[in-house]
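If you read the sequences in order, they're chains F and Y.
Each residue of the first sequence is one higher than the one before, counting from 6 in the numbering used here.
Each residue of the second sequence is one higher than the one before, counting from 51 in the numbering used here.
Misleading hints may appear alongside valid ones.
Unchecked claim - Pulled a few chain F residues facing chain Y out of the computed Cβ check, cut under 7 angstroms:
(1) Ile117
(2) Thr121
(3) Lys125
(4) Gly152
(5) Ala162
(6) Asn168
(7) Glu170
(8) Asn181
(9) Ser182
To be verified - A few chain Y residues that don't get close to chain F, going by computed Cβ distances all over 12 angstroms:
(10) Gly92
(11) Asp119
(12) Ala124
(13) Asp125
(14) His126
(15) Thr143
(16) Asp146
(17) Ser148
(18) Ala156
(19) Gln161
(20) Gln179
(21) Leu188
(22) Met211
(23) Asp215
(24) Ala228
(25) Thr236
Hint data in this document are derived by calculation from the structure and do not stem from the laboratory.
Yeah, the Cβ is synthetic: ideal placement off N, Cα and C, and Gly gets one too.
This is what each chain is made of:
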Amino acid sequence: MDFYLTALLQGLCFSGIALGIYISMKIFNIPDITTDGSYTLGGAVTALLLTHQQPVYIVLPLVILAGALAGAITGLIHTRLKVNPLLAGILVTYSLYSINLTLMGRSNIPLIGTTTLFDKLPLLADPNRNTGIILSFIVLLITLLIGYLLKTDFGLAMRATGNSETMIRALGVNTNSMKIAGLALANGLIALSGYLMTQFQGFADINMGIGIVITGLGSVIIAETVINWLRITSAWLSLAMVIAGAIAFQMVLAVTLSIGVDANLLKLVTAVFVLLIVSLPRLSFSKSS
Amino acid sequence: MIALNSVHKVFNKGKASAVTAINNVSLNVAAGEFVVIVGSNGSGKTTLLNLVAGSIFTDAGSVHIDGNDVTRMADHQRSKWVARVFQNPLSGTAPDLSIIDNFRLAAIRTQRKGLSIGVTGNFREKVRQHIATLGMGLENKLEQPMGTLSGGQRQALTLVMSVMDSCKVLLLDEPTAALDPRSADTVMRTADKLIHDFKLTSILITHNLKDAYQYGTRLIQMQEGTILRDISGSDKSLLSQNEIFNWFS
């Protein structure tokens with residue numbers, strides 16, 4: 006049972022990544038893979054500041070800011086220098102590896118002797134349940150914030166930027182600035198995931214972000230499949246589905262491990278699983294036709 | 051209202067494929083004028099319109115709108131004065147956003163898109179009244195995604211959207227080219243009514259010579275990047291449809 010609880014908690018930690026990928030991929034229609042770098046950056050900044058005895062509430066905004074900066078740089082490279090967004094993201098992630106390593110000073114920082122977010126608020130006696138409550142609260146809060154943002158005039162302009170660029174430029178929106186802001190927001194959320202995960206697992210590692218973009222993509226694709234299947238149009242429900250997607254994704258991995266699949270094969274299994282969800286709608290169509 | 055002074059535009063400059071799209075054109079459009087531009091493909095009509103809108107910049111010469119030098123201003127900055135309807139019905143609206151959300155963005159075309167929710171009950175009512183003037187029954191489908199509507203409905207809505215915020219100049223780039231005759235007629239009549247009611251200065255590009263004859267206060271024929279004919283006022287009303295047809299024979 007603990008096994009699935011851990012998966013649930015990890016899923017909650019990854020909600021930021023899922024929401025970030027949802028914003029860059031679904032709302033802005035930009036394949037952004039700054040994710041791997043900005044997630045680790047979030048972890049690195051968290052570990053660095055916590056081991057320097059900075060309180061968690063000061064660390065949080067700094068982590069989001071760092072992630073946002075990384076996203077904004079990808080956005081600048083993409084819009085001002087007209088570089089393909091995939092390449093821009095790869096370049097930023099690649100450089101972030103060095104930056105993260107320089108920040109951390111070594112490849113792994115354990116959070117020994119620090120007060121994490123989860124130690125700070127002992128609401129329940131059971132540590133796992135306590136973590137669950139705190140994570141749920143944070144995830145609920147960011148989901149509500151993003152949901153509100155998407156309904157504002159700014160949010161509508163964001164959605165239109167990814168949907169019909171000619172239209173929204175004619176309506177007075179600088180789409181370049183909008184894309185930079187969107188990528189900053191997305192990577193700020195992704196860094197938040199790094200912040201949560203580092204404190205949850207008790208360490209930051211230089212390799213923690215490798216391939217993490219798949220987690221986000223998988224979550225969003227699960228969410229999208231359900232959204233299309235149930236014909237969901239509400240922005241709130243869509244965001245809730247993205248969070249549910251992040252949790253479902255971790256659950257599937259937990260099941261995979263629990264039925265005895267070699268942990269070394271986990272990334273292969275993950276990739277096959279994502280491929281399966283992507284192709285599922287098409288596979289079932291081809292049968293009926 | 052719109053002034054182009056010795057405007058010049060060459061595409062693929064310096065290459066073998068260089069094309070002079072606009073060749074030293076000067077054009078003054080007075081406030082309230084409704085200019086119709088005709089001309090064969092490649093005569094520079096759309097380039098001229100894009101130069102006014104700011105989608106592309108001039109190589110030489112200047113562009114003024116409402117007394118402001120906008121030569122180096124981007125399209126999203128010129129949207130302060132200019133509203134546009136595109137040839138492709140898909141370009142003027144966001145398909146995945148609902149009708150009401152599209153209208154909200156249009157209603158703040160000249161304003162900042164801030165962090166408050168603008169789609170309120172009052173706003174809905176205002177939009178419903180505006181859309182009802184079209185008589186298409188769309189006023190009860192405000193929550194429907196724009197993408198589910200037909201091209202004609204979308205073009206008509208784009209026209210109404212253009213006057214949701216203060217608008218001085220309306221640019222229409224073959225707005226009916228992708229529509230069936232009946233929708234085309236509705237869209238043209240809506241455009242004419244809005245231009246009249248809101249006293250807009252407008253430029254219409256069309257291949258439909260019947261529309262060119264029927265609408266507008268001034269008729270311009272373009273050829274190879276220059277203005278070949280420029281007929282306005284009583285001369286335009288004296289023009290017969292056959293004469294316009296003969297320009298192209």
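Each hint tested on the structure:
no. : hint   : in the structure
1   : Ile117 : 41 angstroms, violated
2   : Thr121 : 32 angstroms, violated
3   : Lys125 : 30 angstroms, violated
4   : Gly152 : 11 angstroms, violated
5   : Ala162 : 4 angstroms, holds
6   : Asn168 : 4 angstroms, holds
7   : Glu170 : 9 angstroms, violated
8   : Asn181 : 9 angstroms, violated
9   : Ser182 : 9 angstroms, violated
10  : Gly92  : 22 angstroms, holds
11  : Asp119 : 19 angstroms, holds
12  : Ala124 : 7 angstroms, violated
13  : Asp125 : 5 angstroms, violated
14  : His126 : 5 angstroms, violated
15  : Thr143 : 6 angstroms, violated
16  : Asp146 : 5 angstroms, violated
17  : Ser148 : 8 angstroms, violated
18  : Ala156 : 6 angstroms, violated
19  : Gln161 : 8 angstroms, violated
20  : Gln179 : 21 angstroms, holds
21  : Leu188 : 18 angstroms, holds
22  : Met211 : 8 angstroms, violated
23  : Asp215 : 9 angstroms, violated
24  : Ala228 : 15 angstroms, holds
25  : Thr236 : 21 angstroms, holds
In terms of the numbered hints stated before, the structure departs from hints 1, 2, 3, 4, 7, 8, 9, 12, 13, 14, 15, 16, 17, 18, 19, 22, 23, listed from lowest to highest.
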